[in-house]
Each structure stands twice: as C-alpha cells, then as structure tokens.
Amino acid sequence: MKKIVIAITVSFILVAGVVYANEEREIVSPESELYETVRIIEETAIELTKDTSEKTLLEDQYAEQRLLEAEEMFAVGNEDAGEKSLEDYSEHIEKIEKNIAVAKGNGKDVSEVESIVYENMEKRSENLLALLDRDDLPEQAKAGITKALDNKEKAKQRAEEARNRASAGRDNSNGAKGNGNAQGKAEQAKQKGQERAEQGKGNGNGNGNKPENAGRP
Amino acid sequence: MKERIKLTALLSYLICSLFLIAGCSTPNSSDNQEVAGPEGDIEEIEKEQVIMYEHTDRGIRVYETPNWEFGEQSEGEQINVTFHSEKGKAIITVLTSNKDLDEIKQELMIGVGKSNIIEETDNYFTFQSERKESIRTDVYIDQQGQRVNILTFMTPVDDYEENIEYIKEFKRHIEFY
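In order, the protein sequence lines correspond to chains A and B.
Residue numbers for the first sequence follow the numbering used here, so the first one is 276 and each next one is one higher.
Residue numbers for the second sequence follow the numbering used here, so the first one is -10 and each next one is one higher.
Keep in mind that the hints were calculated from the coordinates and are not lab data.
We put the beta carbon where it would ideally sit given N, CA and C, even for glycine.
Hints may be right or wrong, so weigh each one.
[To be verified] Derived DSS-like pairs (lysine-lysine); straight-line CA-CA distance at most 25 Å: (1) A:383 with A:422; (2) A:417 with A:383; (3) B:94 with B:160; (4) B:76 with A:325; (5) A:370 with B:88; (6) A:370 with B:94; (7) A:370 with A:325; (8) A:370 with A:422; (9) A:379 with A:429; (10) B:121 with A:379; (11) B:76 with B:88; (12) B:103 with B:76; (13) A:379 with A:417; (14) A:417 with A:429; (15) B:121 with A:383; (16) A:325 with A:417; (17) A:379 with A:325; (18) B:121 with A:373; (19) B:88 with B:103; (20) A:359 with A:373; (21) A:325 with A:373; (22) B:160 with B:121; (23) A:325 with B:121; (24) A:417 with A:398; (25) A:370 with B:160; (26) B:76 with B:160; (27) A:325 with B:103; (28) A:383 with A:359; (29) A:325 with A:422; (30) B:76 with A:398.
[To be verified] Covered by chain B, according to a simulated footprint, are these stretches of chain A (three or more residues, beta-carbon under 8 Å): (31) 308 to 314; (32) 324 to 338.
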C-alpha cells in the first residue's frame, strides 16, 4: 500500500513539474539570449500584416506577453527588465488605441475588435493591480503600472462608447426589428474575446501538423 | 597517276575542312571577346561579390542580392541583422550560447504566438501563425561549436510562393566564417 502511495505521489510531482515547465515556456524571458530576436519577429509579424484589426489583435497579444514578462522579471528581482516590459506594455496599448482610431477614421467597423481588446485589458488590469500591491516594487515601476491602468480606463471608456454607438446605429436602421441585436452582437464579441483570451494562454504550442507540400525553400 | 589524284583529293579535303573550321569559329570567338572575354568574366565575378553587409567580429558576410536590402543591426550579447525584400523579411542571428536546438525552436515559436509546425528537421523548421493574415516563418539553424547561426525568413502565407526564389537566392549570398 505504501509503495502505491509513494508511486502516486512521485508521479504527481513529475507531472506537476512538466506542467510548470510548460507554463514557464509561455513567454520568452527578457533575460534570454533570444529575446531580442523574438521581439524582432513580433515587429515583423505586425509589419507584414496589412489589416488594421489584425494588427490590433497582434498588439494585444504582445501586450499580454509584456505583462507576463514584467511579472516574471519583478518576481526574480530584475527590476530594470520589469520596468522596460511595463513601458513596452504601455506602448502596445497606445498602438492599439491608435490603430482603432485610424480604422474608425477610415470608416471601418472595429467594434468587435474593440470588445476583444477591452475584455483582455479588463483581465490584465487584475494582474496590474496585483503588481501595484507589491511592497518591493520601485516607485518608477509603480508609476508605469498606474499609467498602464490609466490607459486601460481610457480604452474601456472608448470601447463602451463604441458599443453604445453601434447599438444606437443598429436600433435606428433596424427599428423595432433590430431590438437587442447590437447587444447580442456585443455579447457574442465578448464571448469570442474570452475564447481568444483562453486560446492565447496556449501560445506557442505547435500542433505538429504536416501538410504534404511543405514547400521548403 | 591514281596516287596523284588521291593526293590532290586529300589536299582539297583538308583545305576545305580548314576553311570550314575557320569560317565557323571566327564569329564566335569575336562574340566571346566582346561579351564575356576574360576581362568581362572578372568584372562579372567582382560584381557578384559586392558585399552588402559584413560584421567581421561575428563572422557574417552578406553579398548583394537582387531584391534584398539591408535593414537594421542590433547588437547586444548576440547580434541580429535584418534584411527585407518586397514580400518578406530575413533576420540573421548569431548566438554564442549553450542553448540546444530544441530550446531555440521552442523560444522562437513562442515569439510568433499560436502557430502550426509545417515541417521540422534537426536544423530546420517552419511554422505559420494561426491568424486571418497568416505569416509563415522558416528558420534555419547552423551550430558551429559554441556559436549558433540562425536564419529566419518571414513571409505572408499568401505571398510565400512568390518569395521562395528570393529566399533561396538570399541564402546563397550569406557566409558565416
């Protein structure tokens, strides 16, 4: 009986260890030699993407990465790297806002993207607040977090305004028939945002699909 | 008498053959001198070997390649140099690390985000991002002792077929020493 209990305990520890290792691998540490390369890859992905909504979703994905990096860096005591990650996080948020403004300026309906981005920011604000509560955090880092939270508030406000506008527009054009449609779409968008955020947690896990014509140059 | 006739016929045959050979070869040799004589060959080789980028400390040399331009160089513990074509981007990275190839693969894939591996060998892997506008990334890894040379090509999936030849051509113009 003892042997079984020990075997189960050891198996549990081993499995837990692997999961932890995989979770750790969801971000590339700013201390990694490949970090700079990974950042160039991110920039290139944005550069090669033409659609503004897609660019915005990429910025949102990378903002998530920066925040996780900041948390990791503060946890290991690398404050400089943590502050840099927070600065970069704010830059991603600014680009998200800019992209949305440009898309709107071009007459594009980006309410769905706004909803996704807003949902993700809302989730991340909890992480930011948790960071802010840390006693060992330097003042500069706290200022960075406060700024990031401020950006979130602005974005949230804008997203709500956009949803209201979309809702009012649909009500006007559809009359009685359209009642509740905008709200329904917003709900759908919210749901999609949640799904994407959950998917985003599995970043980098290749499925290993191998099509027949790989086309290696 | 018969012998004289045979000799005359043989001489005539030889003379005609000489004329024919001379007649055929003269225009060609003059063409060669004009288009690609020894001096022209040297010029062509020199033209092919114009260096677009070189980092002597890290041992990277990239020769001028049609359709490719130098982008940026960032240097820290490792070096990253970018080049761009009309349809994509190339990143040359030189690491002096003990990272094994699996670690390198894993970290680069995390950088791209949610993606699918298309092909994978010991020193090469390619994957594409799971997005509406999917980006294909081809990574070639070459380990030279403590040094690892990484060559990354990124192209929108829709433009990939057009870009294959550009990538092949660019790869031929890179030297690590």
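- Message: Of the numbered hints stated earlier in the document, which are not met by this structure?
- Response: Violated hints (numbers, rising): 1, 2, 5, 6, 11, 13, 16, 22, 25, 28, 29 and 30; every other hint is consistent with the structure.
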